[in-house]
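Novice: Sequence:
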Amino acid sequence: MSKRISYADIAVNAALVLMSAAAAALLCIYFFAGKPADSDPSDTDTPHVINASETEPTQTFVTTVTETTVISEESETASETDPESNIGDYSPEFFQNTLFIGDSISVGLINYEFLPPENVFAKAGITPSSVVNTNIDDVSVFSKAAGLDPEYICIMLGTNSVAYVEAQEMSEELSRFIDMILETCPNAKIALASVPPVTRKHEEEKPEQLEAIVSYNKLVKELAEEKSVAYADAFSLLTDETGYLSSRYAEHDGLHLKIHAYPVILGAVQNALIDYYDIVFVPPAETEPSSESAVSAVGTVSAAIEAAGEPVAETSPETENIDEAVEEISVPGSMEDIIGLEDSEELDDTE
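Terminal number for the sequence shown in our numbering: 351, no gaps in between.
Treat the hints with caution; some may be incorrect.
[What the hints assert, rightly or not] Derived DSS-like pairs (lysine-lysine); straight-line CA-CA distance at most 30 Å:
#1 Lys218 - Lys206
#2 Lys206 - Lys123
#3 Lys123 - Lys227
#4 Lys189 - Lys144
#5 Lys258 - Lys201
#6 Lys258 - Lys189
#7 Lys258 - Lys206
#8 Lys123 - Lys218
#9 Lys201 - Lys123
#10 Lys189 - Lys221
#11 Lys218 - Lys201
If you are wondering where the hints come from, they were derived from the structure by calculation, not from laboratory data.
The task is simple: from the sequences and hints, build the whole structure.
Specialist: Rendered as structure tokens:
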């Protein structure tokens, strides 16, 4: 008997086939689309390893920015502190018996009150050739030198003629002037100072002037060696990183100097003289007693009174005023009776 297949069986079988196909499709989706990919670099849950070629541009940029910032901060700090640090590179006492000979740049020593007029022979326009015939207040350089009889003589000449006179000719004129000034002051120790630089702006207005200054200063240094005198290289101390006169020292004309430049020049001259002539110079000690010396003086007086068997009022080591500290000490009788005349005189000097 033949088996009859009903429509219901066909529908069931078709449904089963469709369900199997759907299940297979879901499995495919799960394995090939839904499962996280271990090698996907965009996966936020998996650390991404970046090779060296990918990191180099970023690292280079960060390093460059950091170094630039540090250099800029250091430059700003230096520009703020350098002028102040130059103050004190010289001792005014060293120049008490010194004669400065120069042009308008040296006049600044008087105008800014670094030196009194009696220690400076300077006038605008003076050159190595004209200085011998120049009078200031009806006094020649030789008369002033003879009257002062200076221990040191500093000569800084050439700014006014370096732009239009050959360096060799100026050097020869300076050589003759040195011989003449040494005849007037044979015992003076001489320093030749280099001509200061000019600013870049000034050089643009008057081309080749800086080159002429450099050439002339080289001959001045050679002349100092020939004459057996000191050479003070103020030029290099006044330049900036480009080789021109630093803006912190330059006036608006790019030639004359601000007040901060003069301690640099004086320091260069002082060091050159000391080094070349082996000068032993000890700056004078401060006249005002420090807090330590005040306490020491009080201790000396207290010890002397205790040695005499008298009670001594207690004083604080932090006492700032020596007069107040001494007033706190009870001193019966005269100081001579306690420690003797000689010791009392020493105490007077201490006080």
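Novice: A separate judgement is required for each hint: does it hold in the structure or not?
Specialist: Consistency of the hints with the structure:
1. Lys218 - Lys206: Between Lys218 and Lys206 the Cα gap is close to 20 Å, so the pair holds against 30 Å.
2. Lys206 - Lys123: Distance of about 22 Å is within 30 Å: holds.
3. Lys123 - Lys227: With a Cα-Cα distance of about 25 Å, the restraint between Lys123 and Lys227 holds, given a limit of 30 Å.
4. Lys189 - Lys144: Distance ~16 Å between Lys189 and Lys144 Cα, so the pair holds.
5. Lys258 - Lys201: Distance of about 16 Å is within 30 Å: holds.
6. Lys258 - Lys189: holds, 28 Å
7. Lys258 - Lys206: Cα-Cα ~21 Å, so holds.
8. Lys123 - Lys218: Since the Cα atoms of Lys123 and Lys218 sit roughly 24 Å apart, the hinted pair holds (cutoff 30 Å).
9. Lys201 - Lys123: Roughly 25 Å separates the two Cα atoms, so the pair holds.
10. Lys189 - Lys221: Holds - the C-alpha atoms of Lys221 and Lys189 are around 16 Å apart, at most 30 Å.
11. Lys218 - Lys201: Holds. Lys218 to Lys201 sits at ~23 Å (cutoff 30 Å).
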